[in-house]
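Undergrad: Chain residues, written in single-letter form:
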Amino acid sequence: MPDTSANQPILAARQLSKSFGDVRVLNNIDLNVHGGEVLALLGENGAGKSTLVKLLAGFEPITSGTLNLLNSDGSRGNTGKDWDVRAAERQGVVLIHQELNLAEQLSATDNIFLGNELKQGLLLNERLMHQRAREYLESLNCNIDPREQISRLEVSIKQMIEIAKAYAKQSRVLILDEPTAVLTFKESEVLFALINKLKREGVAIVYISHKLDEIENIADRVVILRDGYLIGSYQSRELDKDDMARLMVGRELTTLFPTNPKPPDSAKIVLKLTRGSLPKLISRASFQLCSGEVLGFFGLVGSGRTALMEAIVGLRKLSSTSKLEVNGREVNYKSLATARDDGVAYLTKDRKSSGLLLNMGLRFNFSLFSLNKFSRFLIDQKREQQEFDNAIKIFDIRAGDLEIKVGNLSGGNQQKLLFAKIMAADPSIVIIDEPTRGIDIGTRSEIYRYIAELAANGHAIILVSSDMLEVIGLSHRVAVMCRGELVGILEGGEIEEHEIMRYATGLKSKLMKDGEPRCD
Amino acid sequence: MTDRNFFSKINLKAAGPFVALFALFMIGVLVNDAFLSVGNITNILARSSFIGIVAIGATFVITAGGIDLSVGAMAAFISGCMIIIMNALSNSIDSSIVIILLAILASVLVGAFAGLINGLLVTRAKIEAFIVTLGTMGIYRSLITYMADGGTLSLNFAIGDIYSEVYYGDLFGIPYPAWVFLTIAISGYILLKKTVFGRHCFAIGSNEKVALYSAIHVDRAKTITYILQGICVSIATIIYVPRLGSASGQTGILWELEAIAAVIIGGTVLKGGYGRIWGTVVGALILTLISNILNLTDAISNYLNGAVQGIIIIVAVYLQRGSWRKSN
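The listed protein sequences derive, respectively, from chains A and B.
Using my numbering, you'd call the opening residue of the first sequence number 1 and step up by one each time.
Using my numbering, you'd call the opening residue of the second sequence number 1 and step up by one each time.
There's no promise every hint is true.
Subject to a maximum C-alpha distance of 20 Å in a straight line, what follows is the list of computed EDC-like cross-link-like pairs (lysine to aspartate or glutamate) [what the hints assert, rightly or not]: (1) A:349 <-> B:208; (2) B:193 <-> A:403; (3) B:194 <-> A:380.
Which chain B residues face chain A? A few, computed with CB under 7 Å, are given here [stated by the list, open to error]: (4) 196; (5) 210; (6) 213.
Since the hints were derived computationally from the structure, they do not count as laboratory data.
Note that CB positions come from ideal geometry on N, CA and C, so glycine has one too.
Using the sequences and the hints given, assemble the complete structure.
TA: Here's what the structure looks like:
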């Protein structure tokens, strides 16, 4: 393993910044990555953790600042324009993505040696590669046959193979982006043992996770990011989990949000879910929703919010033990169309891949969800056009030419069009998933005003968001999810950043052992 | 509106197939005087109707992001079924018209059912359309060969005599097959461009996930496109059987490729999301015109028919992709 005898960092970021277009996502980050140390990056969704490690590993070009590297030959120097994934891997800096990056149809050996195949003349030396692969895997306490095809392996084993791949390349810096999100508790334990082993061998580990107890366990140093700024660097023994949760948030609410008066106590319950569950994703979720109410759903990435919402509207199947009531009637939507016809609509968080047809025009997209409203057999194109013209005005969608393809609209206008598309079906219960992801502040406040208006007009709204400010600013109550469980519904004074974060990170829960919520 | 504006408004991509059809027509006129004869023109219309009708079905399948390779073999299989049914009924039913109508009914049922099977295999069994229809293509092709015992199935002479009117007869001087083609084309146009189902085909072919999140019954709509394709094949077969009055393992050979070619020449996008019925009609006419013109001239051997068609397909798609315009 590499020489890290001198106590100088392998990687040193100086004033590192990154912008996507006009949006600055990282500001002047100074960071040292030392061999033999586990460095945890901690921050809310969107704080810039993933972007930062992508810069370190050459997945994204640096906008400004420098990255200083202790080269494999012992010399030091700044990385240049040619710092890309290949250059980073040559220098032993490897990023393992949360969504693993293996060739599924190839064997474990093939993957471990992909791009670095051992040859004998012109031909591959398969025997030697299998033998080496077995050695690598064994040293990671993973006893599988390296000839096995990747697609037949468990996710945790796949991750081992990713690590073995990094190991085979003599990596000096190993960056893990939320590695335990896909692992069970036991599998995570194996991973931690492995991390400790690599650390003893002098490898620098950069570790991103939302799970505070994990970080408390394995990190030597904790670096906190917030809104693209580095807030502080702490020895992990200086912090407890509460401190971490507090440091991750800690902002002031702004005037971005409209006043949004609470619905009266007499408001009718329009949606009620009891013991909601989904195989492998959601173990227990119970809540109810009143007309005129905005119920926020907060949780960290992977907590199961989207899966739960998709199950409610019929895009996934709820377990048979779940009970869903809409307007006092027990329902089990078999498709999104039946939910829509019942007045329940879902606004997807992924406007580009599941929300809009980017290569189609605005009107085509606008009416797609509600076509049945103005058609018997033939589509009433006149009425469609009228409704479309109306929606363009109401939602203030700005496209120079209404004939252009949706893919050419700005993100903000796309999001407004997605709202128009969903609302064209006149739903009374609207489930909105991440309405402002990647959207500028101006459009954001328009969307917030629109949501508040909907609620004031008696619509019942579920607002799923990873943006803490948004959830607090708009919601009357906040449901918090953690690892597939709805761990609490917070009201009044409980709706406060640190308290929400405690629930979201699993430090607090209102659930009782038997799975019934204590509240409601 | 200035002239310049006017020309930029004309969509070159959309007009392309029509321009090509016109150009081929002019070439035909120049090559041989016989080209413009009534006999030749009606011949072109009647011949293009088989591929044309099949291709209209294929326009739906392809627009919704699928593909159907089984149509040629399916046509042969349905021909065989029709002939066997008519021959069998000729002993028990006196009226040839009734026999023919029963065979037509059976043909539509078999076509719709064959389409349903393709559709269910694609949507329920989640097998790629290419593989499913490659498989059913083999099945139908070998079934017709088996039914004909390796030879040819021939239609009962008396029935064939009456039935032949469907192919050779005409209304206002235009052959019946051309009328059928026109009717199917108009219905197809309305269905694809004016109805909810048509919109859904575009959406599914464009992005299946978005379609699903837009409350579209994706599997149902895809299955219907294959059923429509099956029905179109059966209609093409109904007007094809009286032409020769026979069916064999060679019937409908390469129809699937000609139909797909007509669809693509017409401007429908092979990977789905955009379809044009009138383009497909023109595509079918173009393919028929090429072979007709080669028949009428000695300049190029008739054996090179496939080569000329191949060149036209590649050029047509190249022009439609529009990359040549950007580089200017």
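Undergrad: Return the numbers of the hints above that this structure violates; sort them in rising order.
TA: Hints that this structure does not satisfy do not exist here, as all of them hold.
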